[in-house]
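Participant: Chain by chain, the residues:
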Amino acid sequence: MASETHETVSACVDSHGGAVGMPQLCSEWMGNQIFWLVVTLVVIFFILSRIALPRIAAVLAERQGAITNDLATAEDLKAKAVEAEEAYNKALADARVEAQNIIAATKAEIKAELDEATAKADAEIAAKAAEGEKVIAEIRANALESIKEVAKDTTKELVAAMGVKADARSVTAAVNARLKG
Amino acid sequence: MATDSQGEETVAHGAEAAEHASEGGGLVFHPMDQFIVKPLFGDGAVGMFTVTNVTFWMALTVLAIIGLLVLGTSRRATIPSRIQSIAELAYGFIRKMVEDVAGKDALPYFPYIMTLFIFIVFSNFLGLLPGAFTTTSHIAVTAVLAMLVFLTVTLMGFFKHGLGFLGVFWISAAPLPLRPILALIEVISYFVRPVSHSIRLAGNMMAGHAVIKVFAAFAPMVTISVGVGLLVTPLSIIAITAIYALEVLVAFIQAYVFTILTCVYLKDALHPHH
Numbered sequence: 000m001a002s003e004t005h006e007t008v009s010a011c012v013d014s015h016g017g018a019v020g021m022p023q024l025c026s027e028w029m030g031n032q033i034f035w036l037v038v039t040l041v042v043i044f045f046i047l048s049r050i051a052l053p054r055i056a057a058v059l060a061e062r063q064g065a066i067t068n069d070l071a072t073a074e075d076l077k078a079k080a081v082e083a084e085e086a087y088n089k090a091l092a093d094a095r096v097e098a099q100n101i102i103a104a105t106k107a108e109i110k111a112e113l114d115e116a117t118a119k120a121d122a123e124i125a126a127k128a129a130e131g132e133k134v135i136a137e138i139r140a141n142a143l144e145s146i147k148e149v150a151k152d153t154t155k156e157l158v159a160a161m162g163v164k165a166d167a168r169s170v171t172a173a174v175n176a177r178l179k180g
Numbered sequence: 000m001a002t003d004s005q006g007e008e009t010v011a012h013g014a015e016a017a018e019h020a021s022e023g024g025g026l027v028f029h030p031m032d033q034f035i036v037k038p039l040f041g042d043g044a045v046g047m048f049t050v051t052n053v054t055f056w057m058a059l060t061v062l063a064i065i066g067l068l069v070l071g072t073s074r075r076a077t078i079p080s081r082i083q084s085i086a087e088l089a090y091g092f093i094r095k096m097v098e099d100v101a102g103k104d105a106l107p108y109f110p111y112i113m114t115l116f117i118f119i120v121f122s123n124f125l126g127l128l129p130g131a132f133t134t135t136s137h138i139a140v141t142a143v144l145a146m147l148v149f150l151t152v153t154l155m156g157f158f159k160h161g162l163g164f165l166g167v168f169w170i171s172a173a174p175l176p177l178r179p180i181l182a183l184i185e186v187i188s189y190f191v192r193p194v195s196h197s198i199r200l201a202g203n204m205m206a207g208h209a210v211i212k213v214f215a216a217f218a219p220m221v222t223i224s225v226g227v228g229l230l231v232t233p234l235s236i237i238a239i240t241a242i243y244a245l246e247v248l249v250a251f252i253q254a255y256v257f258t259i260l261t262c263v264y265l266k267d268a269l270h271p272h273h
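These protein sequence lines map, in sequence, to chains A and B. Under numbering that gives the first Met the number 0, the first residue of the first sequence is numbered 0, with each subsequent residue one higher. Under numbering that gives the first Met the number 0, the first residue of the second sequence is numbered 0, with each subsequent residue one higher.
For the record, the hints were derived by calculation from the structure and aren't laboratory data. These numbers come from a predicted model, not from an experiment. We put the CB at the ideal spot given by N, CA and C, even for glycine. Don't take each hint at face value.
[Claimed, not checked] To list a few chain B residues with every Cβ distance to chain A over 12 Å, as calculated:
no.: 1; residue: Val27
no.: 2; residue: Gly102
no.: 3; residue: Arg178
no.: 4; residue: Ile184
[As the list claims (entries may be wrong)] Below, computed lysine to aspartate or glutamate pairings styled on EDC-like, alpha-carbon distance capped at 20 Å:
no.: 5; chain 1: B; residue 1: Lys37; chain 2: A; residue 2: Asp13
no.: 6; chain 1: B; residue 1: Lys212; chain 2: A; residue 2: Asp13
no.: 7; chain 1: B; residue 1: Lys37; chain 2: A; residue 2: Glu27
Given only the sequences and the hints, what does the whole structure look like? Please build it.
Facilitator: Here's what the structure looks like:
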């Protein structure tokens, strides 16, 4: 063995620094490995159980809470939206009914007004027509009278022109008889 | 076909050449040297408390764990950053494993199991850095881990159930004449557990790293013999890449296997009656 010449060389390492057999089976190093492994495991365990794992658990729980909250809020909002839609539909239906009512009422009102106005106009027209007829009749009567007058006068003159002394009464009678015929 | 046999031949020649070269100083061929424990400062002997490369790489593991699980989550963001997501993923992964495999009453042991998993997974991955020392490739390390689990589970089983814990060896579902034989087998397998538990992890780590090193030793063949090297060098580089990819998988899977087995053993201790 070269351990006399080199202090560093052990039973597991040859003089060139190469491994002798399997380094895994070198009992010289096992104490060192076990010691540092235990130190490492203890450190990792404390880091995990004191800091890392509670923190991650808290983050996950918080996230779960946030998701649950958000879902509940979304559910609420959805219910509200449905409610609002129902209210809207109801308002729409109500408005429609009201509009129908207003339309019907207005139609009836307009019709009544129209009827009244028509009746009034009819009455007025009838009155005017009656008045007109009366005037016409009057005019006609007047005209007849005038014609009689004119015919009498004309006849008197004609008779006079023929040199006959006309009797006013007989002329009138003759004209009247003629006019009647 | 001819090229195949030629390739094999050249590999065989290569191995021979490597062996000769290692004598002559051509190819460096020491796959096990990466597992040597040496002092970090100076050249002294390795005592129990010497600061060694083991200390260094374990300290790096601790720092990496602090970086991920403490600094990464320091903002406690409801909408996590990438690092925080990874930390939460690791947390959820192990917590769910403990809950699913060992049961809800095993949750008080979650920090302990998380410690084991996170230490192994970080050691394995740090060990994959080129030039790294893989702490989990040493049986001394994995044996301590396995013995910790074994002792915890055994002591806890007796503490919780008294002698009723021995029911774990008495398979009441089996026919009565078979039970003593099964009990013997169960006892043996129970005591083999820490052995397989530790050797599985250390063996996987060691084997992969050693194989990579062997292929790495073949890689500079082209500098010794151009004709042989043109074939061997690319082949060994491809092999290194492929095995490295496999090792990345193994690094995680072995940590996972170690942890899930711990959960299974814990379940036996908590509920010894099948």
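Participant: Run the distance test for B/Lys212 versus A/Asp13: straight-line Cα separation, threshold 20 Å.
Facilitator: Answer holds: B/Lys212 to A/Asp13 is near 19 Å, not above 20 Å.
Participant: Would B/Ile184 pass as off the interface with chain A, using Cβ distances and a cut of 12 Å?
Facilitator: B/Ile184 is indeed farther than 12 Å from all Cβ atoms of chain A, at 29 Å.
Participant: Can we confirm that no CB of chain A comes within 12 Å of the CB of B/Gly102?
Facilitator: 19 Å, holds
Participant: Is B/Lys37 close enough to A/Asp13, meaning Cα to Cα at most 20 Å?
Facilitator: 13 Å, holds
Participant: If we take the beta carbon of B/Val27, is the closest beta carbon in chain A still more than 12 Å away?
Facilitator: 10 Å, violated
Participant: Taking 20 Å as the top limit, are the C-alpha atoms of B/Lys37 and A/Glu27 close enough?
Facilitator: 11 Å, holds
Participant: Taking the minimum C-beta separation from B/Arg178 to chain A, is that value above 12 Å?
Facilitator: 38 Å, holds
When each numbered hint is compared with the structure, a violation occurs for hint 1 only.
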